[in-house]
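J.: So the protein sequences, as listed, match chains A and B. Heads up: the first sequence begins at 1 in my numbering, then just goes up one per residue. Heads up: the second sequence begins at 1001 in my numbering, then just goes up one per residue.
These aren't lab readings, by the way, just hints derived from the structure by calculation. Be careful, since some hints might not be right.
[Said to hold, decoys possible] Looking from chain A toward chain B, a few residues come up when the C-beta cut is under 7 Å (computed):
(1) Leu4
(2) His111
(3) Phe115
(4) Gln120
[Stated by the list, open to error] Only some residues are given here: those of chain B computed to face chain A with a beta carbon under 7 Å:
(5) Trp1015
(6) Pro1040
(7) Asp1043
(8) Ser1070
(9) Ala1071
(10) His1082
(11) Thr1092
(12) Leu1113
(13) Phe1115
Glycine is no exception: its CB is placed at the ideal position from the N, C-alpha and C atoms.
Protein chains: 2
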Amino acid sequence: MNALEHLIDTYCDGWSAPTPEERERLIRATLADDATYCDPRADDLPVPDLLAHISGVQAKRPGAKVVRTSAVDVHHGFARFHWHVVLPDGTTLPEGLDVVELSPDGKRIQHVLGFFGPLQRRSSSTSN
Amino acid sequence: MNALEHLIDTYCDGWSAPTPEERERLIRATLADDATYCDPRADDLPVPDLLAHISGVQAKRPGAKVVRTSAVDVHHGFARFHWHVVLPDGTTLPEGLDVVELSPDGKRIQHVLGFFGPLQRRSSSTSN
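Throw the hints in and build the complete structure from the sequences for me.
T.: Here you go:
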C-alpha cells in the first residue's frame, strides 16, 4: 500500500472509529487544519463541524464503517476513489465517490467532495 | 433535458466541433472567463490554453467527439458526469469522469477536473 492509499484509508477509518476521540485523532491526522468537507448533505464543513457530522452519522448507524472499494487515481494533487458503507451485519450501501484535493506537500487532504451512489446512466431520451 | 445537462453537453460539443472557431464559441459560451481546466495531461489551463489543447487533441484524433454517457449528478454547485470519446468510425474510448465546479450563478463552468478511464478495483492485497 502506498502513502496516498494509506492516507485515504486512514481518513476512511476516521469515519469508522467507534469513539469521538478516535475519530478526531484520525480525521485530524489526515485532514489539513483548514480543510473543508462537502457532500450532498454537508456544505463545506470545517474540521470541527465535520467531526460533529460524523458523530451524527455514527449515531444513526452505530458501528458502520466506511471502506475504500477502488484503487486511488491521482493527478496534479487531486485524487478520486470509490467507497461504501459496511453495516455491522455486513450489509453494504451503494458505492459513493470521493474526490479529494491534497495539501501542497501531498501529506494531508485539503478538501473532500463526496457524491453518493453510482452515477446513473444517461436517459435514452435526447430530445429537447 | 435540463439547463445543467444542456450546459454540460454544449461544453462537450466544444471538444467535438471540427473548427477552432466553433470550438471557441462553444467553450467560451460554457466556461467562465477565468475558468481553468485540469486533467491527467493538462495542469490548470486557462481558457485560451484549453482551446489550444483541444486543437492538439483534435489534430491527433480528427473528427473525434466527446459525448456525455451518464446523468449529471449535482450538489452545492459541483457536478459529476461520465463521458467517452467517439471516433469517426464509431469506436469508443474508455469512459472518463469530469467533476466541474459551477460559477456562482450556476450558468457557466468555473473549473473542470477530469479523470481518464474507469476507476480500477481495489487490489485484493490489503497487507501493509
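J.: Once the shortest beta carbon distance from Pro1040 of chain B to chain A is found, is it less than 7 Å?
T.: holds, 4 Å
J.: Under the criterion of a CB-CB separation shorter than 7 Å, is Gln120 of chain A in contact with chain B as hinted?
T.: This hint holds: Gln120 of chain A lies near chain B, its Cβ roughly 4 Å from the closest one there, short of 7 Å.
J.: Holds or violated: is there a CB of chain B closer than 7 Å to the CB of His111 of chain A?
T.: Since chain B brings no Cβ nearer than about 11 Å to His111 of chain A, farther than 7 Å, the hint is violated.
J.: Does the closest beta carbon of chain A sit nearer than 7 Å to the beta carbon of Trp1015 of chain B?
T.: violated, 17 Å
J.: Holds or violated: is there a CB of chain A closer than 7 Å to the CB of Asp1043 of chain B?
T.: OK, holds: Asp1043 of chain B within 7 Å of chain A, min 5 Å.
J.: Given a cut of 7 Å on the nearest C-beta pair, is the interface hint for Ala1071 of chain B held or broken against chain A?
T.: holds, 4 Å
J.: Using the nearest Cβ pair, does Leu4 of chain A come within less than 7 Å of chain B?
T.: violated, 13 Å
J.: Is the hint on Phe1115 of chain B kept, meaning its closest Cβ partner in chain A is under 7 Å away?
T.: Status holds, d = 6 Å.
J.: Given Ser1070 of chain B as an interface hint, is its Cβ closer than 7 Å to any Cβ of chain A?
T.: holds, 4 Å
J.: Hint check: is the beta carbon of His1082 of chain B less than 7 Å from a beta carbon of chain A?
T.: Since chain A brings a Cβ to about 6 Å from His1082 of chain B, closer than 7 Å, the hint holds.
J.: Under the criterion of a CB-CB separation shorter than 7 Å, is Thr1092 of chain B in contact with chain A as hinted?
T.: violated, 13 Å
J.: Taking the closest Cβ pair, is Phe115 of chain A under 7 Å from chain B?
T.: Check passed: Cβ of Phe115 of chain A comes within 6 Å of chain B, closer than 7 Å.
When the structure is compared with the earlier hints, violations turn up for hints 1, 2, 5, 11 and for no others.
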